[in-house]
Every structure is written in C-alpha cells, then in structure tokens.
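Q: Spelled out, the chains give:
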Amino acid sequence: MVSDIGRKQTPVRGLLRLATAVACMALVAGLDRKGAAADEGDYYRLISVATSEAPTDSRSKNWRPAPNGLALEVSGLAVVDDQRVAVAIRKGEVWFLDGVYDDPPLDVTYQRFASALHEPLGLLHHQDAFYTVQRSELTRLRDTDRDGVADEYRTVAKGWGLTGHYHEYAYGPKLDREGNFWLTLNIGLGLKGPQLTRTIRDATLGYRQGRWRGWGMKVTPDGELVPVCAGMRSPSGIGMNAEGDMFYTDQQGNWVATNSLHHLQEGAFFHHAEALASMSLPGSTIHGVETVPGGLPYPEALARFPQLRPPAVWFPYEKAGQSATDIMLDSSQGRFGPFAGQLFVGEFTQASMHRVFLEKVGGQYQGACFPFRSRFASAVLRLAQAPDGSVFVGLTNRGWSSLGTAAYGLQRLVWTGKTPFEILEMRARSDGFELVFTKPVDVASAEAAGSYALASHTYLYHSVYGSDEIQKRTLTIDEASVSADGLRVRLRTHGLRPLFVHELLAAGVRSRDGEPLLHPRAWYTLNQIPQ
Amino acid sequence: MKPDLLIRGRLSTLRAASIGLMLALLAGARLSAADVPPPFVPGFERLARHDEVAPDVAGNLLLAELSCTACHPASNPALRPKRGPRLDGAGNRLNAGWITDFLRAPHQLKPGTTMPDVLHRLTSVEKTAAVEALVAYLGSLEQPFPTFKGNGATPVPVAFWNLGRIEMGRGLYHRIGCVACHAADEDYETVETSPTPLDKILEELGKEELQEMGLAATARRVDSVPLGDLKSKYSPKSLTHFLLDPHRTRPAGRMPNFQLGVVEAADIAAWLLRDQQPRRDAENEVSATATGRPPSIVADEAANTLVEQGQTLFVKFGCSNCHDVARVPHGPRGKPLSELDLAAPVQCVGSAGPGLPRFVLDKTQREAIGAALQPSDGNGTPDESPPAARPADADADAAEQVELTLLRLNCLGCHERNALGGVGRYRRAYFETYANVDIGDEGRLPPPLTHVGRKLRTDWLARVLRGDGAVRPHMRIRMPVYPAEQVKHLPAHFEAADRAAPMRSDATMGTATADLIEAGRTLLDTGCVQCHPLRGNALPGVVGVDLAGIAARVHPEWFREFLLAPGQLKPRTRMPTFFPEGKSQNPRVLAGDAERQIAAMWHYLKQAEKHRLPAKIEAARSQSYELIPKERPILLRTFMEAAGTHAVAVGFPQQVHYAFDAEQVRLAIAWRGRFLDAEGTWFVRFAPPAQPLGVELMRFPPGMLLAMLVDSEASWPELDTQRASAHEAGYRYLGHRLDQQGVPSFHYRYAGYEVTDRILPDGKHLLRTLTIRRRLSDPPQPALWLRGHAGKTLEPDGPAAVIDDRGLRVSAGALGATGRLRRRAGGMEWIVPLEFAGQTSLDVELRYQW
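If you read the protein sequences in the order shown, they are chains A and B. If you read the first sequence in our numbering, its first letter stands for residue 3, the second for the next number, and so on. If you read the second sequence in our numbering, its first letter stands for residue 2, the second for the next number, and so on.
Rather than coming from a laboratory, the hints here were simulated on the basis of the structure. Any given hint might turn out to be false.
As the list claims (entries may be wrong) - Computed list of lysine-lysine pairs in DSS-like fashion (alpha-carbon distance at most 25 Å, straight line):
| id | chain 1 | residue 1 | chain 2 | residue 2 |
| --- | --- | --- | --- | --- |
| 1 | A | K63 | B | K607 |
| 2 | B | K611 | A | K63 |
| 3 | B | K584 | B | K607 |
| 4 | B | K584 | B | K617 |
| 5 | A | K474 | B | K150 |
| 6 | B | K617 | A | K63 |
| 7 | B | K364 | B | K208 |
From just these sequences and the hints, can you work out the full model?
A: Right, here's the structure in full:
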C-alpha cells in the first residue's frame, strides 16, 4: 500500500474537499466584521490551501493523520515560483504543491519529490537544489535525471551528536549572504540507557549531551561544519534580517525563562547550560566557563556569566506567545503591507504570528515584539514569503498542543491592501520611548498620558522550566508628544531599567479616523538605554 | 422566550409564552403585568406540563427549582433548593444597568426567569430607592477574575476574552451541546437538512392520532432555556469567564461546565454578545498579576451609606436566601414546607403578600405544587418527607431520586431514560460527528440512560460525571461536567434503580487462560473490529467506541447480555446479533460454545493492551504503516537498535532487506521476510527505534570496512564506537544516489579513496559491490585493505570465502583468494589487500550468505 503512493501528480481529494469547506467558511466569516471593531482578517486574510481537521488529541499516543490524503505536517517550506511551493513534511518527505496561489485554491496538485528523510525540519531552495536538515545531517536533494523526483541525496555536512532522544531535533537550513547554511540543534532531555553511550561530557561542568547539542552551527559553501554559538534549548526558527545578520528563536523551558529572539554571534551563549557539554571540543567558540550561575535575576546572571548574551527580544510568556518558531524577513517592499524590512516570528501553541522591530543600541540588537495575526488553523511552524508578498504558513501541532481546529496543513496569508492602525516601531530613548505608527494619530488621545500604561519586569535565570516575571514595576508616563506629521509619539517616563522588558499598552490611542490600535500591546527588551 | 427553530428554518410560535399567558388567564389570576410568562424549568415544561411525570414529582421539581425550599425548609434532602448565582464579584461581572433593569422587573427583562419579584409591593418611589441601594451594594461586590495559566498543552493568549470570533463561536455553540438546552440560530445550517422518515410521519398525523399512537412526546417541540438579554448583562470578559467556569458563580450547575479552552469560551461569548458594541473590553492592564479592576475607591460617605442600605435590603428581602455573598447572613425564612397551604390568603404565588417574593405561576404549575404539598397517605405526612421515613422499597426510591435529578439538571435534554427525554426531533440535526461519518444515531446522539445502572460500573459513571470519561471522540457534542455536589449520588442511585433483573456474576466469565484470550482475539475479527477501533487502531474508515478498557466501564453481565441480544438492551441499535437465539455462528472457535466465546472476548478486551491486536486490525495497520516493497526498493531513515541513529533501512521486493549505518559508514544488519513498520518514525512523538519485522536477522561485524595498513601484520584500527568515530578515522559519508530502479548506492570517502557501495539482494543473499576510486594520481600510502569479515571464530569455506560461527559466509570473488585469515583480540578477522595495479578504480564484490 505504502509503496503504491503515486509518485507523480497525486491529487489529494480529501484535502481539496476540506480546502473548499474552509473557503466557504471564509465567505461566511464576513459576518464577523459587521460594523464591529477591527478584525485582523480585515487586513490580513487567511486562505487555507490544505488543512486537516482531526479530532485526535495532538498529544495522544494514538495520534493518526486524517484518513484521507497526505499528512501535510509542514516542517519545511520553500517557495519555488509563482505557481508552486515545496514543503517538507515531518514523516520525511518533500512535496511540490502546484496551484497554491489560486484563491480559493481548489485545484492544488501534489507531487512527491523526495522521501525517506529523517524528520526534516527545514527546506531551502538554492541553486537548483533543495536543502534540508534531517536529524543527523544537512542534505542536498537534486533531481539529476530531470524526471521530477530527487535521485541524489547528498550529505553536505554531518557530525553532530544524535543519541536517539526524540527531542534532538535539528532545524534548518537558512542561507546567509556569504552562502553559509545555518542550522540549530535542540538539546536532548533526560538522556538515559543507550542514549548515554552517544554523549560527550564536559570535564569541568559535568554536563552530558550529544556533541554540539544546543549549538548554532553554520556550514560553509565547502561543507565545513562550524560551531558558532551555544546555549539553545529548542531553536526551531532561524532567519536573516534586512542587514544580513542571522537570528534564531528559542522556546521557554529549562534554563529558558520565556521565548526569545537572538542574534547568532560567534562565541555567544544564550540559555541552556547543558550545551556546554561541547565546550571543550575542537572548534568550540565558548571557553572558560567554570560555573554556571543559577537562580539569579537575569541582569545579575549576565553580570556573573560573561559569555551569556541577552536576547534581542524576549516574548513574554502567554502575552506574546508560548512557543516561538520560524523567523521571516518581510522583503516584499510593501506588498505585504506597511511592515517591510521587519521580522515576523511564528508561534506554535497559540497558532499565530508576531512581528518584531529591531534597532541597534550600543552596537547590539534589541527591540520590541507585537502581536500580528492569530487564528491560524494549527500550530505555526514555518513561514515563507512568496514573490507576490504573500506568506505561506506551514502548520503542524503533533506532539504538543495548539489553538486552531486542524492538526496540520498549509495556509497563505495575504495583505488585503488596507493598512491596519498599528505601532510600527517602538524605539528606545534615554528618557522613554518613541513610537512610530502606521497611520497619523489623533493628537488628543495620543498626547493623553492615560492612553498608555507602561510596566517593566525581568526573569530568573535558572535550570527549572520557564520563569515568572519578576521585579515588576509600573512606570508613569510623564509626557506624550506627537510629531507634526502625526506619525510619531515621544513617551517620556522615568525609571527605565536596563535589561528589563518594558511592556506597553497603548489602549487609549486613536488614529485620526478614531480607530483604536489593532494590537495595543508591545514588549520592548531594553538591554541598553541609549544615551 | 426565544423559540428554538425548525431545521427547515420555519419560525415556531412563542409557544410557551402564550400558553403560559392563556393558562394564567384561564386561572383568573390577577397579574399586574399580564403578559409575564411563568418561570421556565426545562424538565417541567417538557414533561411535567404534559403529564409525563407524576404530579407530585412535578411539584417537587418546582419546589426545588424555584428554590421554594430556600425559605421553606424541607426535610427531604432531594428537595434542596437550586438557589441563584453567587453574587460575590457581581460588581465587575454584571453591568450595573442590567442589574437595575432586572431588579425593577425581572420577568420582563428575562422572561422565564426563576427569580421571583421581591420588590413588587413597593411604590414607584420606594422601588427606585431600593433598586438604587441594591445596585450600589451589588456594584461594590468586586472580585478579581481567576487567572488561567498557559503551558505547552494549554494556550492562553493575552486578553483572550477579546479574541472571540463570532463565526467560530457560532459553530461551537451549535455543535458542542449549547443548543441541547438553548435556542439555535434560525440561519444555522446543519449537515442534515431533510426531515427523517419519522418526521414525515409525524407531520402527517393529527394531534389525537399522535396521542393515540404514543407519539405525542416525540412530536412535541422542546422549548429552549431562555438566555435573557446577555449583551446588556455581560462584557466579553465576564461572559468568557462565566463560560470557563460556570459553577464558580452558579454552584447549582444548571449551566454545566463544558471544559472549554479559553479561546473557545471567548468565541462562544462573542457569538452570544454578537450585537454588543463595542466588542472588546477595555484593556488597561500591563501586569499579568493584576486581574480585574482595582478595588473601587468609594468616594464619599453617602455612597457608603447607600451600599450599606443595599446590603440591609439584600438580607431583608430574602435575596441572601438564594444568593450567596461571603459573610452575609440569610434573611427571614418562611414556614417549613410541610406547613404550607396553597389556599392561604397570603403567599408567594400569584398575588403575593407584602414582604413576600412573588412567583407568577400558571395553573399547571400551581396544581403541581399543590400535589406535592398534599399529604400523600392521609395521615398528615407530606410526600416530601425524607425517604428513610417511609418503608418504601429503597430501589424504587433511588429510581425517584434519579428521575428528579435528571429533571432538575435537565440531563433529559440530551439523554433518554425510560422513554422520557432525549434530544427531541427538532434538535437532532445539531448532533453531528466529525467529518459527518454516518454511524447512526448511536454515533451522534448522547447515549440513552435506560438501564445505565446495569450497564456501567459505578466508578466509571463517577468518572464520566467528573468529565473524565469521553469514549466517543467521533462526536462533536461534549458531555459537560456538573458540580460534584449535584451528581455525586447518581452512580449509586442508578445502580440501585436499575438493579431490577438479576444478572449473572463476573464469576461466570470463568478464568482467563492464554487459549481463551487468543480465542477472544480471533473472535473480535468477526464483526467487532468492523465497527470498533481497538487501542486507537481501526480498520480503514472505522470510527466508534474503542473497545479497549471496556471491562473498566461496563459490567460483565451487561456485556454478556448485550452480545446475546443487543436489541433487547438497546432498541434500534446498529449492533448486530452475533448469537441469534443464544447460539454462536462460529463453531470453529471454542467448539461454538456461545458462553465461552463471550467470556473469551471479555477476557481479551480486559487486558487488550497486553496482547496482540486482532489479525484484521494488524493487517489494517500494516496497510497504513508497514513498508511493503512491491516493485521498487523502499528506504527509511530512522533510529534502529542495530544500525544506530543514522540508520538507512532499505527494503527490497525480493524480501531481503538491510540497514546501513551512515554514522559508522557500515552495513549493519540484514533480514528476510517483512521489512519495517514506519509508524514510530513517521508519527510517534517519542521516536522509538524501528524494529525489523522479518526473520533470520544477521548483524554484521562492527568496525571499518577499509583501512590502510603498513603491512599484513599491522592490526586493524579499532573505533571508539561512542563517538562519531568513523568520522574521526577519516571516513566521510556523502549520502546516497538512487538509480532508475530506486536502488541506492552509498557514497563515502576514506583517506584518498572515494567509494560507491551498492548492496542488492542476490537470491536470498546479499551482493555488495564496492567501486573504489583513487582520488589522487599517486597511490596513497600505506596500502589499502578491506576487512571482509570479523568474528569470534572464522573458518575458510572454499578458496575465497570464510564463514563464522553464526553461519554468516562472506566471499570476495577472485580477490578473496588473496585474503588472510588471522587472529585478533577476542576473535578472528579476514583481511584482503586491495591492489590497484596502476588502475584508478577497483571493483570489489562481496557476497553475504546466511
């Protein structure tokens, strides 16, 4: 049966039927907008290419894919052209989906390109080939005889440890401007039995993990595997910003207070201490860690642990998601709305997307995150922007849980052309913040201090799972002043604290047309206060 | 009152309201607001009003549900009053405007409310003052909303109550069970749109015909529990929180807890408040710990005084008899229930006396209460006396208690029991399955409760009532949770009430033996697995109740009787009879002994997880997950115990398979017969190693295949297998290439050599072809050797082959003749020099036979 899966042009009828149903629902959803407060869907419309409704609990040991069609648990996503995308799916295949730009996409065809990959968690289209990171290696897939199916599975790089623990996911690759492939390696959890025979141990600290577990690596165009930075727990997202710097996201858990976005810099250490098991391996960029502080407020931990680098952005737990995933640069130059050049971050548990504004202060990135779009059909794992600016969103929630009605699928997010009233940028100032809006603000509401609420907090750096927000403090807005063009508001306050997350709620601000902000909240990670 | 609606979209009349009015007029009751409908008690409206329960039961239902017994103590604990919502937190849960309007005229604002009018005797001026004080008091009762903690399994977005989407909420409202009690939206389209054949018959029959045929109840429209004006009452935040934990404010649990996710609750709230503007609560919190409004600062003494007045009135009018507020005492109580006289001039019903709450009841309701208050046996003992005081049969009493509980909690809105209740013909269509699979009414309607005490074990019933007993994942309807206090007695009462026919004991199932269990496994293949999954596995397209765990749910006696005669226990069931007239249709198993066959299935199911799945389910699993190479090889990259974490398993149609270890760069294991099951690799979170399914497993010796040796005496380099050792020894695995037939060749590098390694079945053996190319024009030094075999003991087997003590024979063609068999630490090895003789490439053929 399995061997008889058509190798070419396999229309998956079950999926089509579902897609039709979803398309119909989208029409009915017009109801939602009847004279009501603004809805995200008015600005960014969600089109289901294929989603699978499954009553089975995503954590059930008896999890099963939907009975009909392909288990489209999208774990890698590469836009091929203006007709097709290629997706990697978790069971280990790569498929071409044709007709995905149709609206509604009622005639999508499926063609299998590659199979027998070990839980590939990324897909890159580069120089007429596809690259994916399997659990054990970076692989290049090529169709050398041009029959539409890959026949060459070339190992570009390998050499990281894989003890056999399920949590040892490997993500990527993403490409930088020098042609390096970046990949990230999950930490193993509670290794035991035969898994331990595949570990290495750091003599100083005593940590045991598979080699390079918890590290960010790059693979040069020549195939050399180069360790870059360490301390990752569950780094499921990698991406490049407009300046060409590489970033990754991490997820809350042991040693990780809450989800975070980091600049991948050589020698940087981020969270998870067990990654230091590889500290003494040849090629390591982290040296001389003798003790790892635990149970300290994050600013204090940074002072005691010189290799530790603060994230560019913290995503406060629940408020700004519960499991950050992919990173996508909006390089559409406006075809995806007013956020050109910003980063977008996928969110697994809440089936949503966040938006990130970054600026450099003191030579390091820091910035703010904002809610962007919720209500995807399932956990958002992968994001890829198409030439027309729209964004394909790969979904799968197996093994964990998420909002949404589906277990997996592919959706496409399209800007409707309407500009939402949003905080476009939140910039740190020596005495407060400057907000840039997507539309001119109503001066009276924007200059009223009561339109804003501001508070700050930090986290504990410790080995336990996640951290509460600690050392909370409310800040008062001393003054809010609007620029002549109405697009900028300077907020003056006192009591900014470096290395603290500053949470803003601008619920009272209205646009000149009287609209409230579509998302009135922002969280700025104030690692440094600009002078 | 909101009408529920015909599936076909035809509006019904405001039936209950008009009947109530009509009866009130007939009774000649003097109503100040003549169009006030009587209080709506679902069980009463549906059944008691139509004489389908005994008059005293109907009256008791009203006495309890109208909370008469909150003021008039009853000795029968079954008549504990329903009482009203807890009002702690009313200040930030309920809109002040709504409280004002409701207090002024409860029945006008919420027709059908069971709350009496307590201010009816006040003059307009007095009333205004009293309402103002009560609203001030209730407004002062603020309480933070509970917080919900998110984690990997529980999404809790920020300000989730503002995220509700009307359309999503509309879907949930119509699918999960809200419309079992409340009215459906007339425009909502269900999948089932055409009337059933029974509907057609019912349509054609007149009222009397229906009566005669006993179909009146079936034909009747079931009125909906009124929702009132929710948009004036709640904000999205307060309604969302109410839906998440209705029992926090309404401990009586008439609104059950659907165990909603926070966004689901917000969605349903958005639907219920769809006409409200604005649709969001103001967000004014930036701290996760601050919830609810900060305690209001009462500005002046006057306001304080008003609040105090309100509290005094709250007690004086008896509000606190029904509404709990922390530290507020009960108000005045009336006479005990046993001393009440409906004919008395001053009373709560009808034109109530001063200081008494006024209930506007219609004639039927009054008569029912009259019947319940009537001494039942002529000696002055009212019927509401405690059950223990009567010499009645305890089981019959349990049956009465069950009946009253099912009426009070409106369980009968969904479940049928003893021909009462059920979802009713106008609500059926809202009960759907996922993907609309048709498995009959049993597959979509809540199960009937007739004989349920005989069927289900009490501990299982208790689990179901705790919300932990969902066994019908195919249904969209959800069984909600009721407060433990309201239902804790039900399992035992069901058991006692349904004890009627004595059933055989567990002992008759006999003892479980291996043979019996295997027979049970065999029997399940005939008829059972065609409709039931087992341990999450099922034949294609089959959805239904999983049979695993059935022994923890049902009594063995019921299991036996149900198998023998399904229709007797469950009319109209789709479960076929496999034992017509008690005889087995399968004489080949257990000599056709029906009793033993049933026992065999019982014992198999009792410990199903310890035994193999029934053969047909195993076969179906294989269809989905077993990799069966038919025309081309199949590959699977996975974890394998024998081939490591970089295993590449290759299965061939010739039924000879192997796994290559891409980390150690070696052939690791081969086997024959069935290949692999891929489910663990594809879909199981914990990524278990794949196990070869076949037979004649042969593990190949570990270590490097190729090495450079200074001379023939040099020892073969050993690898530290705990590391990426082949890599450290200079091996570079480069991946594989598939040829036109899908056969992989593995590529790797070692020192100055590039190797293509192709392994194919050769009959029942494996033929391995190595093509070794020199990458440099100068031959690397020292010379290259191949280790063809290694083991504890090796013996030559012909001129160019060796065989080990396990029976693995390795031959190397002509090259093998130059091989050397030698001792090594812990065993022997067979090494072969690879002479390039000026060529850049060398082909080596190894044949593995076992």
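Q: If a hint holds in the structure, say so; if it doesn't, say that too.
A: We went through each hint and held it up to the structure:
Pair hint A:K63 plus B:K607 holds up; C-alpha atoms about 20 Å apart against a cutoff of 25 Å. Of the pairs offered as hints, the one joining B:K611 and A:K63 holds, with about 16 Å between alpha carbons and a cut-off of 25 Å not exceeded. At most 25 Å may separate the alpha-carbon atoms for a hinted pair to count; B:K584 and B:K607 meet this at roughly 23 Å. A C-alpha spacing of about 24 Å is found between B:K584 and B:K617, which places the hinted pair at or below 25 Å, so the restraint holds.
Annotation: proposed proximity of A:K474 to B:K150 holds, straight-line Cα distance about 18 Å (limit 25 Å). A distance of roughly 21 Å separates the Cα atoms of B:K617 and A:K63; the hinted pair therefore holds under the 25 Å criterion. Pair hint B:K364 plus B:K208 holds up; C-alpha atoms about 22 Å apart against a cutoff of 25 Å.
When held up to the earlier numbered hints, the structure conflicts with none and fits them all.
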